[in-house]
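S.K.: Protein chains in written order, with the working numbering: chain B, 1 to 159; chain P, 1 to 333.
Any given hint could be a false lead.
No more than 30 Å apart at the CA atoms, straight line, and that leaves these computed lysine-lysine pairs for BS3-like [to be verified]:
hint, chain 1, residue 1, chain 2, residue 2
1, P, K174, B, K145
2, P, K29, P, K213
3, P, K206, B, K32
4, P, K226, P, K174
5, B, K137, P, K188
6, B, K137, P, K174
7, P, K174, P, K109
8, B, K145, P, K188
9, P, K170, B, K137
10, B, K145, P, K60
11, B, K145, P, K223
12, P, K63, P, K170
13, B, K137, P, K142
14, P, K63, B, K145
15, P, K173, B, K145
16, P, K142, P, K174
17, P, K40, B, K145
18, B, K100, B, K75
19, B, K145, P, K282
20, P, K227, B, K137
No lab work stands behind these hints, which were simulated from the structure alone.
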Amino acid sequence: MMETPREIKVSPIRNGTVIDHITAGQALNVLKILGVNEYNVDSTISVVMRVSSKKEGTGGWKDVVKVEDRELDTKTVDKIALIAPNATIAIIRDYFVAEKKKVNLAPTISGLVRCSNPNCITNRNEPVEPEFDVVSKDPPTLRCKYCDRMLSNISDNLI
Amino acid sequence: MCICAHGEEVSKDVKSSAQIRICMSFYDKDIVSIRDFGRKQIEEILEVSERMVPYAMGEKRTKVLEGRILGNLFFEPSTRTRLSFESAAHRLGVDVIDVSEMSATSISKGETLADTIRMVDAYCDLIVLRHPHEGAARLAAKFSENPVINAGDGAGSHPTQTLLDLFTIKRAKKNIDGLNIVLVGDLKYGRTVHSLIDALSIFGAKLTFVAPKTLQMPEDNVKHVKKSGINPILTDRLEDVIPSADVLYVTRIQRERFPDPSEYNKVAGMYRINNEMLREAKSDMIVMHPLPRVDEIAPEVDSTPHAKYFEQAFNGIPVRMALLYMILGGEGL
């Protein structure tokens, strides 16, 4: 039987972070979380969308984002968990994987997303951060701790 | 000896074990959403409410909470809720401070709700809050040292209305379990029905939601009820469900929800309750309404044994008295 040649779509990075197993279609939202825009790209960022995945529960597809010369802080990783609950974060140092971890959605989150209810008190000028209970991790479903509403679209409401 | 929630040692000879239990459950507690409470706690409130009835009617008098101050903060117009909290407070000897005109306060100068609450908190022992934004009561509870009672926050919760609705059903029907409860009207935007169905579902009532598709119960609320093992019936035909109903809970359909006035007239007419409509109803079926009504229930129904809505409005007093009594640590009634 002939082996299918392994195709490398993006070359390995020397230093930085590889965000793998991103829910297919969410790579651009991950870039939004990373704060990437036309003015602040000072290292190479590779985005691969809809590549095949053997991991269960992915529907056979995933996205991958590689960011060179940047290691992600906890807040950023927590935000990624909100839109890609199965993502893995690998820190690369000198071409080797120095650390690898799965993102993990905490039972409650605060300050990462705003409530989608425009009439929620957290959307007024009050000295509170929006807080949510995580009702389900996959797919991520959040309920506002203040107004009790379910958050209808997480990626549109990221802070 | 037992230790009461507010730290005093109490002898079982002096206080009944039930009173100690109630004291433990509610002393200094916020009442923000009915979802914060389980069946047992709700039953405790209803039990104490029953004891408050003679005081609420003025047949007995008490000053059991004399020296306490209630801060009534109503950021939205309200007749029943505001007056019944005031009346409940006076019946227990509690003094009430309030702001009669919000436009004359620092709130109109842009003060945050958080700051207003911290200020009022320093002037009273308990805050009752009505606010146009959802989640306002939860925020107030966060910033207030003293307990906060939610008297309605936007389209969100109105837990004391729910408690008085449950109390009305319980008084009329003795128990709530297994009752066939039909809710009709604006089920999409009406905050009273959302809180009420949460509570009814934990009592195992059978629920039927009657509304035109555009005003039917939101999916989230239906899902929440289903989690308690209740499978509600959703329909737009009121006449089909009246004969089997034990309780008919009517809410107002607001004209402003309909861009086309003729559409409003058509829908509102379908759900107008009159004696002809109640001909097929069980003789002991009760009709409830959170009031104010416009023309959802014909005045001819008022004199039938079905009409419970004015009694329901009165029940706001004993229920709110019970909450003040339990939260402020009343003893002896």
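S.K.: State for each hint whether it applies.
M.R.: Verification of the hints:
Restraint check for P/K174 and B/K145: not satisfied, since their Cα atoms lie roughly 35 Å apart, outside the 30 Å limit. Annotation: proposed proximity of P/K29 to P/K213 is violated, straight-line Cα distance about 39 Å (limit 30 Å). Pair hint P/K206 plus B/K32 does not hold up; C-alpha atoms about 47 Å apart against a cutoff of 30 Å. This hinted pair checks out: P/K226 and P/K174 have alpha carbons roughly 25 Å apart, not beyond 30 Å.
Pair hint B/K137 plus P/K188 holds up; C-alpha atoms about 28 Å apart against a cutoff of 30 Å. For the given pair, B/K137 sits about 42 Å from P/K174 by alpha-carbon distance, which is inconsistent with the 30 Å threshold. Between the alpha carbons of P/K174 and P/K109 the distance comes to roughly 50 Å, so the proposed pair goes past 30 Å and is violated. Taking the CA atoms of B/K145 and P/K188, the gap is near 21 Å; set against the 30 Å cutoff, the hint holds.
For a cut-off of 30 Å, the pair hint linking P/K170 to B/K137 is broken: about 39 Å separates their Cα positions. Taking the CA atoms of B/K145 and P/K60, the gap is about 41 Å. The hint is violated against a cut of 30 Å. With a C-alpha separation of about 18 Å, the suggested pairing of B/K145 with P/K223 holds against the 30 Å cut-off. Distance check on the hinted pair: P/K63 and P/K170 sit about 27 Å apart at the alpha-carbon level, within 30 Å; holds.
Proximity of B/K137 to P/K142 is assessed by CA-CA distance (about 27 Å); at most 30 Å being required, the pair is judged to hold. Between P/K63 and B/K145 the alpha-carbon distance is near 37 Å, which puts this suggested pair outside the 30 Å criterion. Simply put, P/K173 and B/K145 have alpha-carbon atoms about 35 Å apart, too far for the 30 Å limit, and the pair is violated. For a cut-off of 30 Å, the pair hint linking P/K142 to P/K174 is broken: about 37 Å separates their Cα positions.
About 23 Å separates the Cα atoms of P/K40 and B/K145, which keeps this hinted pair within 30 Å; it holds. As the CA atoms of B/K100 and B/K75 are separated by approximately 17 Å, the hinted pair is consistent with the 30 Å bound. Using a Cα cut-off of 30 Å, the hinted pair B/K145 and P/K282 is violated, with the two alpha carbons roughly 42 Å apart. Annotation: proposed proximity of P/K227 to B/K137 holds, straight-line Cα distance about 18 Å (limit 30 Å).
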